[in-house]
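Asker: Spelled out from the first residue to the last, the chains are:
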Amino acid sequence: MSREGVFLLVMSALPFLGALIPGLMIRAGRTACATFAAVPTALALTMLLILAPSVMQGEVIRVELDWLPQLGLSVSFFLDGLGLLFAGMILGVGLLVTLYARFYLSSDDPMGQFYTYLLLFQGAMLGIVLSDNILLLLIFWELTSLSSFLLIGYWKHLPEGRQGARMALAVTGGGGLAMIGGMLILGNIAGSYNLTDILTQGDAIRASEWYLPALILILLGAFTKSAQFPFHFWLPHAMAAPTPVSAYLHSATMVKAGVFLLARMWPVLAGTDAWFYIVATTGLITMVLGALIALFKNDLKALLAYSTVSHLGLLTMLLGFGTKFAAIVAVFHIINHLTFKAALFMTAGIVDHAVHSRDIKRLGGLRHLMPITFVIGTVAALSMAGIPLFNGFLSKEMMLDEAARTGWAGSAWVVPALATLGALLSVAYSFRFIMHVFFGPVRDDYPAEPHDPPFGLWAAPALLVVGVVLIGLVPALVVGPLVAVAGGAVIGGGELPYYSLKIWHGVTPALFMSAAAVLGGLLLLWRHAPLDRVWLAAPRPEAKVIFDRLIAAAVSLARRITDRAHDGAMSRYLAIFVVATVALGAVAWTGGGTPPPTRGLQPVPLVVAIGWALLLVAAVSVVVTHRSRFLALVLISIIGLMISAGFVYLSAPDLALTQIAVETVTIMLLLLALHFLPKTTPIESGWFRRIRDGMIAAAAGGGVGALAYVFLLRDVDTISGYHLENSYVGGGGTNVVNVILVDFRGYDTYGEIIVLAIAGLVIFAAIEALLSGPAAARIRNTNYTQDRSRDRHPLMMVVATRVMMPIAIMVGVYIFLRGHNQPGGGFVAGLVISIALLMQYMASGFAWAQARQRIGYHTMIGWGVLIAGLTGAAAWLAGRPFLTSAFGYVHLPPIEEFELATAMAFDLGVFLAVLGAVMLMLYSLSRIARYAGETQNADPMDFDPSERKTDPKEGV
Amino acid sequence: MNHWIIAPVILPALLAPLIAFVMRHDLTLARTTSLAGAVAIVAIAVGLTVASGSGETQVYYLGNWPAPFGIVLVLDRLSALMVLLTSVLALIVLVHAVATGWDARGRHFHALFQFQIMGICGAFLTGDIFNLFVFFEVLLIASYGLMIHGGGRERMQAGVQYIVMNLAGSTLFLFGLGVLYASTGTLNIADLALKLREIPIEDAALVRVAAMLLMIVFALKAALFPLQFWLPGTYANAPAPVAALFAIMTKVGAYAIIRVHTLAFGPDIEATGPLAATWLFPAAIVTIVIGALGVLGARALLPLIAFSVLGSMGTLMVAVASFTPEATLAALYYLVHSTFAGAALFLVADLLLSRRKDQTLIPLPATVQNGLFAGLFFAAAIGMAGMPPLSGFLGKLLILDALRDPGQMPWAWGAVLAGSLVTIVGFARAGSQLFWESTSIPVAAPTGPGHGPVTPVRAASAFEIAPTLTALAVLAALSVFAGPVSAFLAQTSEQVFDRDGYIGAVLGTEAEDQP
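These protein sequences, in sequence, are chains V and S. Start counting the first sequence at 1; every next residue gets the next number (the UniProt record's numbering). Start counting the second sequence at 1; every next residue gets the next number (the UniProt record's numbering).
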């Protein structure tokens, strides 16, 4: 990397690197803060000046670092004439604004933040003008939108500042997004995102069928940024920013970014009819419109803002002409506009600072009170008006000259006439600025005593007006070379057209137009008061109102749509889900066919028919009676039973056993839970909705049924053949279902017991949250006793469950132990024992049973999951994968030879987790009960015959 | 065999029960263990990612059973990346939850958190479609527990919607698996891919339905239109750190589509063809629109963020729906980005809202550290809206650049760019009200005893801010190191589309080319 390349890289990074310094240095005082804020800018400017001579000789300095090669994005910068011009403007004015702001900001304003934002913005601008990669340019482009958002909204306590910032962000950010599209298309046509490559592909790009979309999208970006009609409205509202920001953003930088882009893309995009008619026309309209509005603005900054809009229009128009001469003029005017406009903004700021008002109607007569400001402001304004001896005159003459030669849609007078009109209005508002602020009688009702500012505040604008005069007098000497090299860059190399930077061009059409403009402008100013009344009376579309209404309408529309769609109506969510599923399923189905069936339908024995009928009846009954929740629950249990019976019939004892145990446990828990819920479901939907929902449900059910019907008639090779073959050989068990559960797919089981464990924990946590929340009071105050049996713990039930207990546990242990070879296993065993325990709790009440329970449920769950996990992990010790099983046969006399398998330990984990989770759920439910005021019984049953004290024979 | 592959699943699965029963009475102990576990998983994930960088697809045969008869875990660049993403996010969120005391507002936070990590990692690592279902269940139930952590009326209500919608999805998953098993006879994803290649279109009706049902299930997880209804309520009502963790949950759906619908139901497989792409694309476009409208219309901060997450899912799925290596590279980059962007937003929101009276977007007196929170929010919003210099901008550029098919381009570009604009406007409005307008409201004079309660507002400590900063730093790093990251992602997406490589690695045979 060359020394120049490194310089370029460091230069473009400096503002970002330096951005944090002011934020810290503010602790050392305001002057220190401003000084340190100036350091990165000054350093970058110095480096630019070191690089300048070689660029002036036509050299282009480049540097490139890879960033995201997959996209074609690289950190590549190049410095050519155009880049040099803009970088110089950005850094030079940046330095002046830093100085000006030091004296402008009041002690209440957080200065550190200001300089931080300013440097960020400066870095982003510098990035735009130096980027050699259009994607990189886009990044800096959006960064200017963001950092200007912060700058414009700097006075965040003012509503104008906030609104102006948001408006600027919306408009320029939006334009930036459009530009992304345009740049990507452009890069696609050119086959590269490197500007240097793209600039050589002008012909190919203009010939491409994608040229027009790319052009329009890129122009959207440029026009929004440069405040071209109809996007001009954000700029005046951005004036809510502190004046140094306005001076920076609206003279040298932000708004010039769009113009810069037009200039940068000029060799590639210009020269077509589309370019001419879109760009030149937009520029022309903006120029006239901006100048017209500026004439009637009373706020100094608003006047300057609209004049900026007008001058940006002028620049856009010049670039839109598409001739080389016009492009050179544009470059020249960029320099001139920068000098006088920055000076004028600073003048307005000084006036505001001194008089505490920017309202022209309250000003006037300041020439004696603020002589220095008067000189600075007047010179700058005269230049803006295009009066000879000042630089504004030169570029305006050249503009009029070019306009005089430009036809528009076959008409030779449209452009010259409108350009003259624009110049005329420009003269009028410039003189209005001078006359209404500085001339006229001295008033005695200024909001504050006017006085000239300290040197620090007027130094920067003074320096600028020196430039105005020097360029105005000896243009070729001062900026000739710069204009040549920058202009050369804009027109993409090749020979420069003939032009001369001098005051006197002889008697040309432009001279007449210029004279007409000055005379007409003075005439307008003379009749300003009556015109102002007409203007105020005329209906004008107020852009801010329209914008605000537009946003408000968008917000309320968005709100309506969002609220309607996400109103929490779960039945609708589910209906949409089901309808979408059925529809998409049908679409998928129709795209393919089915092979012929390989099985026939089987005969239906009577017992199956009965089971089937029971299933149907129960299912339909659930639908009919679902509002009565207990009844529905009972009916659901019939469905569960029939499914278990189905498993038995189809020779799946394991499934049947599991199903029936799960069924029992869930129905019991649901019954307990239902105790605390309303017993009926209210009717909330009308017939229409019920019929509609019924049809949706029928379609879904029918779909699932049809799918099942199709695949049940077709055989397919499955992996289960392997499981059958290897269950005993590899898994050590003859019950293939159990071996699948604990071995082949033990990992699934591991996951599922964890689901169960989590469910237990979640229920526990949810009940805890419930009872410590506002719902607790409701539970406490609800009377759940109305339908309670008077014999809550009946003698018969207590005795029966007590007798059943050891038997149930024996069965559980038996089912657990035989699981590997016979139907059974840890899961079922866990459920069976939970049922046995559940029965105890139901019979004698939770508190009584709880008191006799030694192991905590959390512990049980924890151990279960741990044992299962550790069993699986134990395989690591043997160097085998997780859950690899081992088994062996042990002969311990006098017992018969039996098998010991690691799978059994895993199954123990399953057992414990299931038992623990079920019991924790029960425990959680009982907590609600106790909270609701359920009496806790210390005795196993309400009426214990053995405790009878009185002998019935004795009588009372 | 590399046993570390299963460590991201087993380690949290062993820690969680320990935390739940041994340490449940001591918060410090639970916190220490949980944090140590999270750190360990990050370390393991880094190791796995490095290991996956070799390009070899590593397979872990559970129970030492050969594929496709047992369950396999598969470590390739994609699964390693997703595990790494999960672990880093989990650590950030966990530190935040501990620092802000969220974990103490209900029971079993740390146990559920570990189970959640286990579920997510398990889903990313598995090579078996039924096992994917199991881990969907694990992460669903754990996420439900985390979502209702702390309780409260709105949260419980939103929780019911979340669990019901997702259980409906789980049911459909089972239906889909049933159809799939009945028509192919296998559950191993590689084996499925192999079998599906041989099914001619005339016999493909059943597998096509299965592919579609599974796509719907995954789209529900990814919150795509018209299955997005659960997301805004869930994210807006979940505890903020949990919502931050949930940034990865939608990605599980996106991952599943990338994995299953590329490998098994890919667009160049005769039986399914472009089935998934055809329907995912418009759904993703509408999702972007819904997200953007939600951001613009939001009345409160958390729904605003939730809708922005929804919009980012749309953007992500637009890229996924292309099923090309270039678009998948873009999708993966954006996936990583949007995960941390969403998380960062929720974490900032939590810092702010715990010091603010309520979350509606109305001006209230500025909180302490207004400037700091404003800065963090600004950065996170830039990330989410896809503005430079954070990685969202590059992610969007990558996506736009990859979507050049003339049929897709106008829709995708229009939606992504317009969606960004609306999102920017929405965030600017919200930020301006929360942080700028609040400075214009005079702070009410502190009321002393007898004049109502004085709520002491604590400034956020460095410990509380660190997680948010870390999430933002990740976004910045993703942007700065976009080159190397994309190089890895390009290899990742190439590996995703190397179906024969995957099938060969899992089944241990050289997969035949397409018949």
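Just so you know, these hints were derived from the structure itself, not from any lab. One or more of the hints may lead you astray.
[Unchecked claim] Rough simulated footprint, nothing fancy, chain V against chain S, three-plus residues with beta-carbon under 8 Å:
hint: 1; stretch: 24-38
hint: 2; stretch: 86-99
hint: 3; stretch: 128-134
hint: 4; stretch: 144-154
hint: 5; stretch: 195-207
hint: 6; stretch: 361-367
hint: 7; stretch: 461-475
Quantities reported herein were computed from a predicted structural model and do not represent experimental measurements. In this text, a Cβ means the ideal position worked out from N, Cα and C, and glycines have one as well.
Asker: Take the hints in turn and mark each one as holding or not.
Answerer: Results of checking the hints against the structure:
| no. | hint | in the structure |
| --- | --- | --- |
| 1 | 24-38 | violated (count 1) |
| 2 | 86-99 | violated (count 0) |
| 3 | 128-134 | holds (count 3) |
| 4 | 144-154 | holds (count 8) |
| 5 | 195-207 | holds (count 7) |
| 6 | 361-367 | violated (count 0) |
| 7 | 461-475 | violated (count 0) |
The structure does not agree with the numbered hints 1, 2, 6 and 7 stated previously, though it agrees with the rest.
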